[in-house]
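A.B. asks: Spelled out from the first residue to the last, the chains are:
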Amino acid sequence: MESNEQIIAAAPPRDTELVIDVSGITKRFGAQTVVNGIGMHVRRGEIYGFLGPNGSGKTTFLRMLCGLLKPDAGKGTCLGYDILHQSDEIKKHVGYMTQKFSYYEDLNLEENLDFIARIYQVQNRRQAVKDSLEKLGLYARRKQLAGQLSGGWKQRLALAASLIHTPDLLLLDEPTAGVDPKARRDFWEEIHQLAAAGLTVLITTHYMDEAERCHRIAYLAYGNLLTSGTVEEVVTGAKLTTWEVAGPDLASLAGELRHKDGVTQVVAFGNTLHVSGEQETELRKAVEPWMKAPYRWKQVESSLEDVFISLMEQSQDNFK
Amino acid sequence: MSGTRFSFKRLWAVVVKEFIQMRRDRLTFGMMVGIPLMQLMLFGFAINSDPKHLPTAIIVQDHSPFSRTFIWGLRNSRYFDLVEVADSEAEVQFLLDEGEVQFVIHIPEDFSRQLIRGERPKLLLQADATDPAATGNAIAAINTLVTTVFDRDLKGPLQKLRGRPGAAELQIHKHYNQEGKTQYNIVPGLMGVVLTMTMIVITALAITRERERGTMENLLATPARPAEVMFGKIIPYIMVGYIQTVLILLAAKFLFQVPMLGSIPLLLGLIILFIAANLAVGITFSTIAKNQLQAMQMSFFFFLPSILLSGFMFPFRGMPGWAQHIGSALPLTHFLRLVRGILLKGNGLAESVTHIWPIAIFVAVVMTIGIKRYRQTLD
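So the protein lines, in turn, are chains F and W.
The numbering used here numbers the first residue of the first sequence as 1 and each following residue consecutively.
The numbering used here numbers the first residue of the second sequence as 1 and each following residue consecutively.
Think of the hints as simulated: they come from the structure by calculation, not from any bench.
You may find that some hints are simply not true.
[Said to hold, decoys possible] Quick list of simulated restraints, FRET-style, between CB atoms:
id, chain 1, residue 1, chain 2, residue 2, range
1, F, ASP106, W, ASN48, 46 to 52 Å
2, F, ASP106, W, ALA350, 46 to 52 Å
3, W, PHE19, F, THR281, 57 to 63 Å
4, F, LYS135, W, THR368, 40 to 46 Å
5, W, PHE8, F, GLU305, 55 to 61 Å
6, W, PHE19, F, GLY80, 35 to 41 Å
7, W, GLN39, F, ASP186, 35 to 41 Å
[Claimed, not checked] Far from chain F, some chain W residues (derived; all Cβ distances over 10 Å):
id, residue
8, SER7
9, PRO55
10, SER77
11, ARG213
12, LEU219
13, ALA224
14, LYS253
15, GLN292
All C-beta atoms, glycine included, are put in the ideal place defined by N, C-alpha and C.
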């Protein structure tokens, strides 16, 4: 496949310094292209959300940024260092939180943090470990084995460990998967504080509410960057019209609408259906026959989720 | 009581699933076939408890037809391969210490004259008896040889010298293990076997465990370099290796009364090379194995020839050439000679060198493979 560069217009700058500045990044595993010519510009202090279906290449892209994988094509810098040749330097200044918990379950919290602090040669190591434990509210549990922690506490430990060397860039790979809503909210609170202090955060997630908490987002599918920008930019950029319909037997209505021209998607939302289309007039024409009792129709603003599902379906058409 | 009865369909479901998983894990499947095959080869072809063609040096100080007959008889017995024919003792003593030869045979001056006079001259056999099993049959063979080999030459008036007790006498000097105690040979050897077993298994599991638990990805994302990770993992186990060594040495001394003629500090100094060799193997295995089970199997795959072909269980010189070649590549083979040499023969550094460099080469080669294979990226 050709390496088609995909950079989409960015939001107004908060700070002009680019922490991540890469283009044409490509990775193949055998015959399969997992990441296809992706470009990305992320500024200092930004929380950049990385979304996309499972297997879209998000993790692979993160691994290339922090030097765990070598890109097959593309160039660029991360924290000012060349991603192809200076991965050793990048590693020193990046905190990476893996998708799967990857600290030592047979070490206690303090020992885990102490180990990571030693590896990064942190100055005043003992104090740094103590501070880190206190800041994340882990001090009382410092003698507990990591393997005995619940999901939420493991996540806190992983975050603490990936911050121990005060990195300039934090890469978080689905950090909140399997974490309860309260812990998730606290986690995001923490991320925003860190970003305000100048840390740049690149985070992958499947949750729409989390996407909306990011300064900017990018959407990946099948290794291709489909869209990026602020949430509003992404939603308006998609030019999607959505109708909400309520009434009896929505399941059979959904079945009928789905095959109409002009309808790109029909998604059930609780007791209503969201019917979306790319052309407002065509969509209107398609749903017109049902615009009567017992159905109640209302035009709504397309949500980020509507946009993403539509993007995903389009990309399936394009890349299958 | 459970409401459901034993179901053959469910049983079959589990059987099918197990077969699929077995097929997926190629390495484990390979080992399941490979290990029995290897055992068959080793036990069936390589091992021989009646070693022949033992390297022998001979000192001939009496050049006579009788000496020639004797040498011819030695060759014909197939137990002795004459690798060195010397005129004086000084030239060959070193060979026995180094383990280059198993026997030194001495035909003294005046041998034929005394024989003709019927004085039953003495032939001296010096044997490296560290491993009693290796020399037993050869000594029996040479005993018979000495009583009968000269009969052919004893003609005419000398005919009366034929028959028992024989025209010449064989005097045997067993060196290094006069009592022929197998413990003296086994216990120091056990040090090598124990180190091989634990060092390889523990280190093979150490890195594989990191990969299996996902902690490897984290470690790779840090600035830690491959050499730092490897040596960091090796050093604690070197200490464990020393604890094992000291325990075995104490047991050897106080439980088995194994003689310790050589320098213990020298042994402790050289042992680090052998420990390093095994750790290098373990680390290399761990870079190949995908899970801990595979790492265990690979360790076993290495351990089996080590124990069987090194001369620990069976006399090294009893094995066919190909098996000796494989054995010579293994660090345990050289370590056994090293440790037996130091403890039982009282060898110093000079006599040990021939056993040191093969281990050093082994370490260098395997370590290079290991570090190359430990990839810093996940590709």
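A.B. asks: Out of the numbered hints, which ones does the structure contradict?
C.D. replies: When the structure is compared with the hints, numbers 5, 6, 7, 11, 12 and 13 turn out to be violated.
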